[in-house]
Structure formats: C-alpha cells, structure tokens
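Chains A, B and C supply the protein sequences, listed in that same order. Per my numbering, the first sequence starts with residue 4, numbered consecutively. Per my numbering, the second sequence starts with residue 4, numbered consecutively. Per my numbering, the third sequence starts with residue 4, numbered consecutively.
Just to be clear, a hint being listed does not mean it is correct.
Said to hold, decoys possible - Listed next, with one range per pair, are the computed distances between beta-carbon atoms:
{"hint": "1", "chain 1": "B", "residue 1": "LYS68", "chain 2": "A", "residue 2": "ASN150", "range": "14 to 22 Å"}
{"hint": "2", "chain 1": "C", "residue 1": "LYS113", "chain 2": "B", "residue 2": "LYS141", "range": "26 to 34 Å"}
{"hint": "3", "chain 1": "B", "residue 1": "ASP162", "chain 2": "A", "residue 2": "PRO170", "range": "39 to 47 Å"}
Unchecked claim - Facing chain B, from chain C, some residues (calculated, C-beta under 8 Å):
{"hint": "4", "residue": "ASN70"}
{"hint": "5", "residue": "LEU105"}
{"hint": "6", "residue": "TYR106"}
{"hint": "7", "residue": "ARG107"}
{"hint": "8", "residue": "LEU177"}
{"hint": "9", "residue": "LEU180"}
{"hint": "10", "residue": "LEU183"}
{"hint": "11", "residue": "LYS184"}
What the hints assert, rightly or not - Here are the simulated BS3-like cross-link-like pairs (lysine-lysine), alpha carbons at most 30 Å apart as the crow flies:
{"hint": "12", "chain 1": "A", "residue 1": "LYS138", "chain 2": "B", "residue 2": "LYS68"}
{"hint": "13", "chain 1": "C", "residue 1": "LYS113", "chain 2": "B", "residue 2": "LYS186"}
{"hint": "14", "chain 1": "B", "residue 1": "LYS138", "chain 2": "C", "residue 2": "LYS68"}
{"hint": "15", "chain 1": "A", "residue 1": "LYS186", "chain 2": "B", "residue 2": "LYS186"}
{"hint": "16", "chain 1": "A", "residue 1": "LYS186", "chain 2": "C", "residue 2": "LYS186"}
{"hint": "17", "chain 1": "B", "residue 1": "LYS113", "chain 2": "C", "residue 2": "LYS186"}
{"hint": "18", "chain 1": "C", "residue 1": "LYS186", "chain 2": "A", "residue 2": "LYS135"}
{"hint": "19", "chain 1": "B", "residue 1": "LYS113", "chain 2": "C", "residue 2": "LYS52"}
{"hint": "20", "chain 1": "A", "residue 1": "LYS113", "chain 2": "B", "residue 2": "LYS52"}
{"hint": "21", "chain 1": "C", "residue 1": "LYS68", "chain 2": "B", "residue 2": "LYS135"}
{"hint": "22", "chain 1": "A", "residue 1": "LYS212", "chain 2": "B", "residue 2": "LYS138"}
{"hint": "23", "chain 1": "C", "residue 1": "LYS141", "chain 2": "B", "residue 2": "LYS212"}
{"hint": "24", "chain 1": "A", "residue 1": "LYS113", "chain 2": "B", "residue 2": "LYS186"}
{"hint": "25", "chain 1": "A", "residue 1": "LYS113", "chain 2": "C", "residue 2": "LYS186"}
{"hint": "26", "chain 1": "C", "residue 1": "LYS113", "chain 2": "A", "residue 2": "LYS52"}
{"hint": "27", "chain 1": "C", "residue 1": "LYS135", "chain 2": "B", "residue 2": "LYS141"}
{"hint": "28", "chain 1": "C", "residue 1": "LYS135", "chain 2": "A", "residue 2": "LYS68"}
{"hint": "29", "chain 1": "A", "residue 1": "LYS212", "chain 2": "B", "residue 2": "LYS135"}
{"hint": "30", "chain 1": "B", "residue 1": "LYS212", "chain 2": "C", "residue 2": "LYS135"}
{"hint": "31", "chain 1": "B", "residue 1": "LYS138", "chain 2": "B", "residue 2": "LYS68"}
{"hint": "32", "chain 1": "A", "residue 1": "LYS186", "chain 2": "C", "residue 2": "LYS113"}
{"hint": "33", "chain 1": "A", "residue 1": "LYS52", "chain 2": "C", "residue 2": "LYS186"}
{"hint": "34", "chain 1": "A", "residue 1": "LYS68", "chain 2": "C", "residue 2": "LYS138"}
{"hint": "35", "chain 1": "C", "residue 1": "LYS113", "chain 2": "B", "residue 2": "LYS212"}
{"hint": "36", "chain 1": "C", "residue 1": "LYS212", "chain 2": "C", "residue 2": "LYS141"}
{"hint": "37", "chain 1": "B", "residue 1": "LYS212", "chain 2": "A", "residue 2": "LYS212"}
{"hint": "38", "chain 1": "A", "residue 1": "LYS212", "chain 2": "B", "residue 2": "LYS141"}
{"hint": "39", "chain 1": "C", "residue 1": "LYS186", "chain 2": "B", "residue 2": "LYS186"}
{"hint": "40", "chain 1": "C", "residue 1": "LYS138", "chain 2": "A", "residue 2": "LYS212"}
Hints were generated in silico from the structure; no laboratory data involved. Remember, it's a predicted structure, so these values are computed and weren't measured experimentally. For every residue, glycine included, the Cβ atom is placed at its ideal position computed from N, Cα and C.
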Amino acid sequence: MAFRLTPHERGFYPLFTRAAENIAAAADLLAELVAAEPAARAELAARVKDAEHTGDEVTHEIMVKLNRTFVTPFDREDIYRLASSLDDVLDEMEEAADRIVLYRIDALPKGVAQQVGVLQRAAAATAEAMPKLEKMAKLREYWIHVNSLEDEADALYRDLLGDLLAPAEGTTPLDVLTVLKHKEIVEILENAADAFETVANTVESIAVKES
Amino acid sequence: MAFRLTPHERGFYPLFTRAAENIAAAADLLAELVAAEPAARAELAARVKDAEHTGDEVTHEIMVKLNRTFVTPFDREDIYRLASSLDDVLDEMEEAADRIVLYRIDALPKGVAQQVGVLQRAAAATAEAMPKLEKMAKLREYWIHVNSLEDEADALYRDLLGDLLAPAEGTTPLDVLTVLKHKEIVEILENAADAFETVANTVESIAVKES
Amino acid sequence: MAFRLTPHERGFYPLFTRAAENIAAAADLLAELVAAEPAARAELAARVKDAEHTGDEVTHEIMVKLNRTFVTPFDREDIYRLASSLDDVLDEMEEAADRIVLYRIDALPKGVAQQVGVLQRAAAATAEAMPKLEKMAKLREYWIHVNSLEDEADALYRDLLGDLLAPAEGTTPLDVLTVLKHKEIVEILENAADAFETVANTVESIAVKES
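Next up, chain A with everything else stripped away, as it sits in the complex (with noise of 0.2 Å):
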C-alpha cells in the first residue's frame, strides 16, 4: 500500500518472541540445576540471574515501546500486561534457583523436578505462540494447552504440600526447617506456573478482542 493513516507499531512481536525465547532457556537452566548436584548448583542459578537481567532488558525495551508509540498493535494495557506477565515468569523461575541454592538444599522433594517439567513445557509452548501474535493464528491451542499445563502444575504443587505437611504413615517426616524450605520452593514454582497461566489469559483476552 502507499502509506498507512495509522502506522502500527509492529517491533513489538519481535520483542516479545525474545522474552519468551529467554524464558524457555531459563527454564532448561533451572531442569539443569534441579537434576544437579548440590556442588554444581550455584553455577547454575548464576546462569538463571544472567537469564533474568537480559529479560528485565527485553521487558524495558518493550515498556519504552510503548510509551513511545502513538498506535499500538492491540490495547495499550494489554501489552503492558503480556510484557509484566513474562516478566514476573522469570522472577519466580530465578528466584526458585536463588533460593535452592541459599537454603543450601540438598536431596530435593522428587516432584520438584515434575514442576520444573511442566514450566518447561510452558515455557517452549509459549515461545512458540509469541511469534503467531502477529497474525492472531493458532493461538487458541496455546493458551488451552497452558491451561491444562496448569492444572498439571496445580495437582504437583497439592502432592507436594500434602508430603511435606501431612507425610503418610510410615514415612520419615521431614525437620520443620526443611519442611519450610521445601515448602518455599515449591511454592515459588507454583507461582511460575500461575504466572505462565496469565501470560496465556492476556493472548487470549487479546485474541478474542481481534477476533
């Protein structure tokens, strides 16, 4: 066409395909981290903080983006809140991995590995929807499959409040100290979870306002 009355801003899909692309990689970071030795942890949750500052960089890109731009792709408050929802993925992830690490945590719970497995599932699914924004196609298998993801992740984090809290009978219970450091991980994991839930929601609140 010869020009555009309204000359949509289309840097922003690229930008958020970075965020997530870095999310999924943090991902496999902390899969790494949680399968590891407690020795070779701290490297690890080293390489997840790296992860978090490039993120907390694509999310200030992002926000200039769109204080700068007069016409946005889809609502303004919608890509605010796509950019904060990825970013606030990350934060948990990363902040799971500190916390590993600064609880000097030895033999983790075993479906702490499961709640990673199924961020990392989040995390490659939502890579893969970013770049379709643009042309708002297929997304809808996305955001059904984060939600199922989801309640994966929700039936994970019950089994293991219930072992840490209510152990069966005939298990050795846990010192409460550990008790509580296992509790704040898993939590922090649930909360990446619930996190990769709202990033799916807002595609989805954007995608039925095109639609």
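Since chain A is already given, all that's left is putting chains B and C on it; use the hints.
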C-alpha cells in the same frame, strides 16, 4: 423493538447475581465443613470444589460476553475487575476447604469458625447487592457493610496469628508443623475476606462514577 | 486567568505530597520501634497505626476527587495506581510494626534495622518527589534512586532469609517458631520496599507519557 441507539447489554447483571449466589452457597458448605467431624470433611470439600467449577463457568461466560459486547452497561475494566474479584473469593474458599482435608487437620482453632461466619455474612451481602447493580440503588450500605466485615475479619485473623505464634503463658503450645498448617488455613480465609472487600470496592467505584 | 479550556484539577498534587510525608513519618516511627526495648514498642506501633489511619483518609480523599474530576492532570488509571501504591506502602509498614508486638518478638535480627533504614530513605525520596509531579521536573533521579534502594533491600532480605533458614556453621540456630516469626517480619518489610518501587515505577510511567 425496532432499533436501539445504545444497545446496552443487560445480560451482565444476572450473571453477577449467579456468581454471588454460588459464592454464598459455597460459604455455607465451608461453614458446614469446619463444624464437621474430620471424617465428614472430604465430601464437603468436594462440594465446595463443584461450586468453584460452577463459578469458573460463570466467570468465563462474563468474559466471553465482555469481549463480544460493544456497549457495556459500565466500564469494561470494571466489569472485568468485578468478575475477577468474585472469582478470587471462591478460589480462596475452595483452597481453604481443600487444605483442611489435605493436611488432615483434626481440631481447628475456634477462631476459624468465626472467620468462616464472617465470610458467610459477606457472601450473603454480596448476593443481595448484585441485583441492585442495574439500578445502582442502595449499594452504599452494602459496601460499608462489607468493609466493616473486613475489619472484623482482620481482628479475628490477628488474634489467631497471635495465638498460633505467641500463645499465652500457661497454654499448651502446638507442635510447629501444626502451627504451619493452621497458619496457612487462617491466611487463606483472610485472603477470602480481602477478596470480598475488593468486590465491594469495585462496586463502590462503579456506583460513584455513575452518580 | 479569565477562563480555562481544560480545567485541570491541581488539587491532586498536595494530596500525594501529604500521603508521602505521612509515610516518611511512619517510617521514622518504625525505625524507633525496631531500635526500642520490647516494652516500649506497643506505644510506637499504636502511633504507626494512627499514621496508617491518616493515610487511609488521604487515599480516600484522592479517590473521591478522582471520581468527581472530569479532566485529571494525568491518566485516571495512573492517579488510581499512585494512590493505591502509596497506600500499600503504609499498610505493609503498619503490619510489620503490629506483628513485632503481637508475636512478642524479643531480639530482632540485625538486618531488620537495616531494612527499615532503607525504607526511611525510600520514604524521604518519595516525599521529596511528590511536589515535583506538577512540573514533571527532576523525577528521573528519584525513580532511579528508589530502584537502587530496592536492590539494596533485596540483598538485605536475601541475606536475612539465608541466616534464618540456613544459618552458618557454628552459629546457634533459633528455634523454628522464632524462625517463622522473624521470617514473616522480614518478608513484610521486603513487601514495603517493593511497594516503594511500585510507586516509583508509576511515577516513571506518568513522566514518560508526559515527556
């Protein structure tokens, strides 16, 4: 009718009323649950869970309608907030019911029944207020009432925390794992009371704008 | 001037200034409280509570004015966010003061006084920034300053968590109930630091839009 210049979608009001009536039913079930023998609680928690599913469906119906309606009876953002905050109330109540069963809690602190009693009163007030949204009449006493119930809930919550973490001299202290479990329950119930206040604050802000 | 086409309501600025000055006064009281003998704390906590009531009144005044003002000096949503986030700061500080007394905490970890010191500095910076909102001048250094204070608060918080949950070899560990109490206090103080950052981020987003 031939045509309408402002085709206000009135269908939101019955949905908000249904959401609030469902919450009131769930609050009554929760009251039954905390008064029941431990063995009878799982079945009641399952019924609270059912109510939560019903609530999710109503929330979803509101959101779909919101995205498809061009002229809404009040601010889109306020409709979104009202639906979300009603949804939050029920999520908290369901979580409280679930955790009491999951943690195999035996005797609950007495204050817990009082917390749930406040929730029942807040739920009844909310269910009564929703049908009045259409005419924006007599809502003032509703939000003042819910705010005072929240103050009552705060005081109960604070007393419960004090009893749990700094029990009076001469009382037998609970073991710390039990403290952890009870603390989580009373916190979730406090979140439910806060969520009712958020509903009331949203209604207040809608009513003030319309006045 | 004879008339104004855009009758901007300027009365918001003094209200934001009052809110922030009240917060600064409360932060000073909180610093006194954590430095005081346990027996002297209840009276100081009561004065923090008074400050919180004063803050609630200012917040309410802002919200009423917001709902009644047709042309606001900046985005309605931003005024709402700024007022709410100032309110949140004081709620957290009041809760910290209250819990220290309620839990009959004796010796607080040293880092707690440092956390409160950071809050005092953030409060002073916020009180100094609010009057500059009208001319939108020299706000950039304010939000950069508060963001760096938040980093400082994060580091203190993290160290405190480490000391509480994974005390260094050779130190006498606290009993777990005391760990629970201290952990709650340091978390609430961290929430207060986060709330100051939310205030600063809101100011940033307002200033960038206006520039």
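Against the structure, the hints come out as follows:
no. : hint                            : in the structure
1   : B:LYS68 / A:ASN150: 14 to 22 Å  : holds (20 Å)
2   : C:LYS113 / B:LYS141: 26 to 34 Å : violated (55 Å)
3   : B:ASP162 / A:PRO170: 39 to 47 Å : violated (30 Å)
4   : ASN70                           : holds (4 Å)
5   : LEU105                          : holds (5 Å)
6   : TYR106                          : holds (5 Å)
7   : ARG107                          : holds (5 Å)
8   : LEU177                          : violated (12 Å)
9   : LEU180                          : holds (6 Å)
10  : LEU183                          : holds (6 Å)
11  : LYS184                          : holds (6 Å)
12  : A:LYS138 / B:LYS68              : holds (23 Å)
13  : C:LYS113 / B:LYS186             : holds (26 Å)
14  : B:LYS138 / C:LYS68              : holds (23 Å)
15  : A:LYS186 / B:LYS186             : holds (14 Å)
16  : A:LYS186 / C:LYS186             : holds (14 Å)
17  : B:LYS113 / C:LYS186             : holds (25 Å)
18  : C:LYS186 / A:LYS135             : violated (43 Å)
19  : B:LYS113 / C:LYS52              : holds (27 Å)
20  : A:LYS113 / B:LYS52              : holds (27 Å)
21  : C:LYS68 / B:LYS135              : holds (25 Å)
22  : A:LYS212 / B:LYS138             : holds (28 Å)
23  : C:LYS141 / B:LYS212             : violated (34 Å)
24  : A:LYS113 / B:LYS186             : holds (26 Å)
25  : A:LYS113 / C:LYS186             : holds (26 Å)
26  : C:LYS113 / A:LYS52              : holds (27 Å)
27  : C:LYS135 / B:LYS141             : violated (41 Å)
28  : C:LYS135 / A:LYS68              : holds (25 Å)
29  : A:LYS212 / B:LYS135             : holds (29 Å)
30  : B:LYS212 / C:LYS135             : holds (29 Å)
31  : B:LYS138 / B:LYS68              : holds (20 Å)
32  : A:LYS186 / C:LYS113             : holds (25 Å)
33  : A:LYS52 / C:LYS186              : holds (23 Å)
34  : A:LYS68 / C:LYS138              : holds (23 Å)
35  : C:LYS113 / B:LYS212             : violated (48 Å)
36  : C:LYS212 / C:LYS141             : holds (15 Å)
37  : B:LYS212 / A:LYS212             : holds (25 Å)
38  : A:LYS212 / B:LYS141             : violated (34 Å)
39  : C:LYS186 / B:LYS186             : holds (14 Å)
40  : C:LYS138 / A:LYS212             : violated (37 Å)
Of the numbered hints listed earlier, those contradicted by the structure are 2, 3, 8, 18, 23, 27, 35, 38 and 40.
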